[in-house]
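**Q** Here are the chains, one letter per residue:
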Amino acid sequence: MAVILITGGARSGKSKRAETRTRAFPGQPVYVATAEALDAEMDARIAKHRARRGTDWIEREVPLDLVSALVATDGGGARLVDCLTLWLSNLMHAERDWDREVTELAAALPHLASPVVFVTNEVGLGIVPDNALARSFRDAAGIMNQTIAATADEVEFVVAGLPMKLK
Amino acid sequence: MAVILITGGARSGKSKRAETRTRAFPGQPVYVATAEALDAEMDARIAKHRARRGTDWIEREVPLDLVSALVATDGGGARLVDCLTLWLSNLMHAERDWDREVTELAAALPHLASPVVFVTNEVGLGIVPDNALARSFRDAAGIMNQTIAATADEVEFVVAGLPMKLK
Amino acid sequence: MAVILITGGARSGKSKRAETRTRAFPGQPVYVATAEALDAEMDARIAKHRARRGTDWIEREVPLDLVSALVATDGGGARLVDCLTLWLSNLMHAERDWDREVTELAAALPHLASPVVFVTNEVGLGIVPDNALARSFRDAAGIMNQTIAATADEVEFVVAGLPMKLK
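Residue numbers (the working numbering), protein chains in the order written: chain P, 1017 to 1183; chain G, 1017 to 1183; chain E, 1017 to 1183.
Certain hints may be false.
Straight-line Cα separation of at most 30 angstroms, BS3-like style, residue types lysine-lysine; simulated pairs [to be verified]:
1. P:Lys-1032 / P:Lys-1183
2. P:Lys-1032 / E:Lys-1181
3. P:Lys-1181 / G:Lys-1032
4. P:Lys-1064 / E:Lys-1032
5. G:Lys-1064 / P:Lys-1183
6. P:Lys-1181 / E:Lys-1032
By construction, these hints were calculated from the structure, which means they are not laboratory data.
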């Protein structure tokens, strides 16, 4: 078992780095997309990611039930979960108890046999947002990132496509 | 004398890291809160921080006069100042000369006997804010962080709860 | 030939660091400003930067045609380009094909004889901006930073005035 967390800003090269780390494990890689193609902007981004990573991935769309998906795909190749911040946003929109779900995810990780590579975003390094919802989200994202980082075997922070090893 | 600066984004684990560093010094630790409990959101955050760090701290509320507070509490255990960005915000709201006060703080640090651990925020890594006040604040925060970092013995940048050594 | 990319947040000490790196090369340094003095806020910032770096620099204002300017000033001292994110913003306002221009810049770098030190900004580490234009800009800035970082010989990330070596 190996759990790797790749964090960074928007368009920092996180996904590409995570793909490289995922492909380095043996077996057919599994792409766990937390995005749903709900608008044209998101459609275009999903298509671009797919074009880059190639067609040899097993693909799963998992907006909410991440732990079940990781259990269901366990035993094969490494899973790339892209990305945790979108999963968190989905949980909040669905009015699920994100705090409990993050804790359950962290608790489930040590019991998995196949590797998991998570992509997440750093969203707390700008000016305090004006609206309370955005503040809640960045607080939640920070807590989630700390929680998963504490459990992960490796954590990398990507800036301008270049990884810094945090753990 | 030891001066340590812990910087990072919102909910990055800065305060927890700073508590660990402060407790590692001998003597009863002193918590210097720059926050004032002015609304429910702030109340809740203060209560949460207090619950985590325990009740064995001497507590001081110091929204503005930080240098005096550090001189007054000198000679005992290490001081944890949480946080400099809120102090800066308080100075600006009170229409004090923040630039001069930051310079005076940096100048006072080498004359203190007991350690000081500062928490601060990185706020300049997002998109340029629309309003001029927010731009002024992030400029001021960046200048303050550079000034204190230049004087500090150690500087750490915390991401997802994990410190990177900058100095 | 040496290409150095200095990245970081607003008021992180990037420009100062880049000046130090540029001055370390032999010859008269060339300051390539991508800023145009269009308003009082920008005027003040330009004047402050100029006061700090001294008067022994050759100065060029290059809001758009960066590759030509680097070719035209080649063969002398090192060039400091401050900064790439403003250049990108200028290209977008002028409705030029920024993607192609960034690719051309990266392709031109290995053919230059004199060193180039670039300053750029990390703008993708805050909350997702509300407006589509800001989102496009931060995506473009991230892609540009990755592209130039991939070509650069050295990349540094500056936080609180302190550089971390990324490459």
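**Q** Against the 30 angstroms threshold, does the CA-CA distance of Lys-1032 (chain P) and Lys-1181 (chain E) hold or violate the hint?
**A** Holds - the C-alpha atoms of Lys-1181 (chain E) and Lys-1032 (chain P) are around 20 angstroms apart, at most 30 angstroms.
**Q** For the pair supplied as a hint, Lys-1064 (chain G) and Lys-1183 (chain P), confirm whether the alpha-carbon distance does not exceed 30 angstroms.
**A** Holds - the C-alpha atoms of Lys-1183 (chain P) and Lys-1064 (chain G) are around 27 angstroms apart, at most 30 angstroms.
**Q** Under the criterion that the straight-line Cα-Cα distance not exceed 30 angstroms, is the pair Lys-1064 (chain P), Lys-1032 (chain E) satisfied?
**A** Distance ~37 angstroms between Lys-1064 (chain P) and Lys-1032 (chain E) Cα, so the pair is violated.
**Q** Need the status of pair Lys-1032 (chain P), Lys-1183 (chain P): alpha-carbon distance at most 30 angstroms?
**A** 19 angstroms, holds
**Q** Next pair to validate is Lys-1181 (chain P) with Lys-1032 (chain E); report whether the Cα-Cα distance is within 30 angstroms.
**A** 26 angstroms, holds
**Q** Taking 30 angstroms as the top limit, are the C-alpha atoms of Lys-1181 (chain P) and Lys-1032 (chain G) close enough?
**A** The given pair, whose Cα atoms are some 20 angstroms apart, holds under the 30 angstroms limit.
Violated hints amount to a single one, hint 4; each of the other numbered hints is respected by the structure.
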